[in-house]
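Going line by line, the protein sequences match chains A and B. Just so you know, we're using the working numbering here: the first sequence kicks off at 1 and counts up by one. Just so you know, we're using the working numbering here: the second sequence kicks off at 819 and counts up by one.
A hint or two may mislead.
Said to hold, decoys possible - A partial selection of chain B residues facing chain A, derived with a Cβ cut-off under 8 Å: (1) Val879; (2) Gly883; (3) Ile886; (4) Glu897; (5) Leu918; (6) Ile1027; (7) Asp1030; (8) Glu1034.
No wet-lab data here; the hints were simulated from the structure. Here the structure is a predicted model, which means the values were calculated and not measured. Every residue gets a Cβ at the ideal spot worked out from N, C-alpha and C, and that includes glycine.
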Amino acid sequence: MRQRRAGDLKVVIAALAVAVAALVSVMTFADRLQRALKFQGSELLAADLVVRSHDPSKSEWTAEISRLGLQSARTVNFRSVVMRGEDSQLAEVKAVEEGYPLRGRLRVAADINLEDAPATGIPPVGTVWVDGQLIVLLNTAVGERVNLGSQQFVIDKVITLEPDRGGAVFAIAPRLMLNIADLSSTGLIQPGSLASYRLLIAGDVSLINTFRDWMRKREEVGVVLQDASNAQPRFRTALDKGEQFLGLATLVSMLLAGVAIARAARNYAQRHLDTVALMRCVGATQRKILEVFTIQILVLGTVGSIIGCTVGYAAQQVFVYLIPGLVAGDLPWPSLMPAVIGLAAGVITLVGFAAPIILRLRGVPPLRVLRRELGALPNHIAAVYITAMLTLAALVFWVGRDLMLASYVLGGSLTTIILLATLSYLLIQLVSRMRWGVGVTWRFGIAALARRAGSSTGQIVAIGIGVMAILLLTLVRTDLLQAWRTNLPPETPNHFLINIQPGQLTDIEGFFREQQWPKPHLRPIVRARLIAINDKSVRPQDFQDPFAQRVIQRAANLSWMESLQSDNKLVAGSWWRVQERALPLVSVEQQYAEALELKLGDRLKYQIADQEITVTISNLRTVAWDSFRPNFFLLVPPALLNGYPASYITSLYVPRSRAHHLSALIKKFPNVTNIDVDALLQQVRRLIDRVNSVLEYIFLFTVLAGIVVLYAAIQTTQGERRQEVAILRTLGATRRQLFIGMVSEFVVMGVLAGGVGALAAMMTGYAISEYLLSIPYRLHISTWLVGVGAAVTIVTAAGILGTYRLWRTPPWHILREN
Amino acid sequence: MTPDAIVQAEALTKQVQSPEGMLTILNDVSMSVRRGETLAVVGVSGSGKSTLLGLLAGLDVPTAGRVILNGTDLSQVNEDERARVRAGRIGFVFQNFQLLPSLTAIENVMLPLELTGCPLPEKEARAGLTRVGLADRIAHYPSQLSGGEQQRVAIARAFATNPQILFADEPTGNLDEKTGGRIIDLLFDLNRERDTTLILVTHDRAIGIRCDRRLELSAGRLLGALN
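Take the sequences, apply the hints, and build the full model.
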């Protein structure tokens, strides 16, 4: 008896350890990867932190940077005309200091269309590095000279990738990069010149944070601090989605942990009923019993959690070795946080799930010693569900950094559990009515399921959740990731053509036809400056938000559209109808509206050339900026801006091999500017791919956790099964009959659990993709079939494996245990 | 094998591993039971009575020696074949009833009938339960029945297939004296009605006296027949 109890204790500790191990391994791995991904976000900034200002950086800043031992590099950005003989071209000039870029690599090639390689250093004094497009536009070549301001430079290299250029998709001109030491000799930068100064900083996270706090305290006007979290929106989308997926994996494994612990805790309490009755018999008070079990639970929780933490850390470390090159460079060291959370989660969850049962144990009557049926635990203790849910909710909100995601997971799980439980219970009742229509072995299996309707429901729900998690993380995840990836299909536009004049539209379309390119979607742009909101004039300094300040400082692009593009989504208000196509309305992008604190019905006054126009906000929308199609913060009805000076913009996909056709286009229409975003696009794709492969492995851990839950759930009834097998064998049942009986129960249970689990997985997958990640998702009936098949296979295999040994044990041994 | 012996044990020895080393529970026990005979195996707790019963019924395997049950040498066949030897021909009544908690009374009684392919298991089971006085309890689950009622279900199950041999292991051990008395009466009545061979293990000499023959076990050894 004592031996069996020791075995039970091991099961509880193992269940807890496995659950905590799953949690800690996923959390540690996710945490390390998240930090690594953040670091990759830094590559897109070329730094960990950027201080942007309209004036050169102050000496106090650099003094503080050196005091903290951080790295820094300055850049100065402005626009200027580059001359070569009679040819001239506007360029985005960037003067860089030695050390640039602090994060990521600049890539350059010896000439246009030659293989590129990471650059060593920055342009030497007296030379410039330029975009290939500038060379085409100026009819020049590498090695030739160009004039910038009052200084002459030799074109030394062609820039193919600039890590921190992401936000410059709408930069109106090609890049020219020079050494900051040459800047003053150009004479272009005078006090008051329109230039953007950036101080790039990199180093240890905590030191970066110290510097950021120091800067914030100074409250300098016109200074913007930028880090990976507020880097360019396109990359932010990619990073955010990656983080959301990781968060999802962690939360689901937590939920699985909860389910496994719940099963184990209940088992544990159930098995201690006799002990408690005996303790009461020999005079233990209720208080004493409570003390004994509280201590036991705490010790058990701590031991299980410590084992789990150790295994979890080891597992994720093994994993890091197994998949090298997951992220560029080394993964950051694991932090202690996941272990702390794992320990706490283990103990808290065990206590949370066990406390109401322990309180019940106090009330076990001593008479149970004589009549075993007394004081049995009811199948459903409301308090267990409530405390368990509260515990889980607290953990989910504590661990889940994304509150929104946490609410979805928690809400979804709660709904799922209730649905699963109701559905399972009803199905069990239905199946049990069918038991008279089947043979003895099947009847036995079904009867076993129905008799234990309460615990069968619990078991089916647990298995169902396991199935749901596995499906959600294998099939549905593939669908989700696929959907995300197809957001950037192979023929995503890689060139933008801007500054097309209204008179050139027909000719441009003709050119596209000649090249057999798809008909271009030409979008009009009218440059306008925001001068008043609700008749109150606005100035940049009226706003705290740096984005809002920029919006007011610069001219905005107003465009018009008949109907909403597929990469835009209405979030408030309504789109204009045909009869409203000339009304002074405006559709505002959500981020823009938030920055300027705008709401539906607000009136915005814009200045276009020397005219003024007031428009009323009729709707707000979100924009998928990573679609790489021309998109706008502001849209107006199509006929409103008739007669205003407009230019047009379009985007198109041109394979690298045919890039020279674009040169022909630019030669033919010299005023049109071609912006090559191919390198940028590649960068986003690489990021998505990297995040994807990381997710593949994170999900593998969670799937393992799901399988453990399945096993734990099946193990729950193994005790009862031992007795059943022994009795049946005594009565003369053959192995074949036992096998069919047992398989029938497992098959029925697998079908029920797999069916409801798969249904839940599809619904959750749909909800997550539709409402959380905003990517289209298609429901596949095959998911359901795979779910049922997998559940039947796993449940039956685990069940048979768990009971097979019993068939070989002489029945007398088992009967005498009882 | 003795001509009309239905159960015969030859030099049975059973040893188990214990923390103190090898423990001999049964030591060189030989005996035989005639068809239709009622035999009581008596002895104090721990004398090896139940172990002997388990070996005779083929529910356990001896360390040495052999059991011939109904003409089959159990040491020569595997677990499945031993089950086949039991099916329909051997009935059991246990101290702790050993009913399946997930099945109702009638379903428990139907089990052995169905396992042997009886064409009308439900009718037979109903008749059996009526015979033991539980006609109004057939749809109850074991947990809804008293100890005496559970043992009646177990007796109905044991006699359901009209077995040739009935093994009973302390059938009144979990019951009060009055209920126990009724159960023993019922057991002997049915045994007479069906002309079954009964092998009964008990520490209660009063019950033992009701059998044709008594064997006493002490510390795993057979002391011999008692009168």
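Checklist entry - Does B:Leu918 meet its interface restraint, that is, does its C-beta lie within less than 8 Å of any C-beta in chain A? => result 6 Å, holds
Checklist entry - Was the hint right that B:Ile886 lines chain A, CB cutoff 8 Å? => result Not OK, violated: B:Ile886 not within 8 Å of chain A, min 18 Å.
Checklist entry - Do the numbers back the hint for B:Val879, that is, is its least Cβ distance to chain A under 8 Å? => result 6 Å, holds
Checklist entry - Holds or violated: is the Cβ of B:Asp1030 closer than 8 Å to a Cβ in chain A? => result 25 Å, violated
Next on the checklist: A closest beta-carbon separation below 8 Å is what the hint needs, so does B:Ile1027 meet it against chain A?
Outcome noted: 27 Å, violated
Item to check | Interface restraint verdict for B:Glu897 against chain A (beta-carbon cut-off 8 Å) | outcome: 7 Å, holds
Checklist entry - Does B:Glu1034 pass the interface check with chain A, least Cβ-Cβ distance below 8 Å? => result 21 Å, violated
Checklist entry - Quick one, is the B:Gly883 hint okay against chain A at 8 Å, beta carbons? => result 15 Å, violated
When each numbered hint is compared with the structure, violations occur for hints 2, 3, 6, 7, 8.
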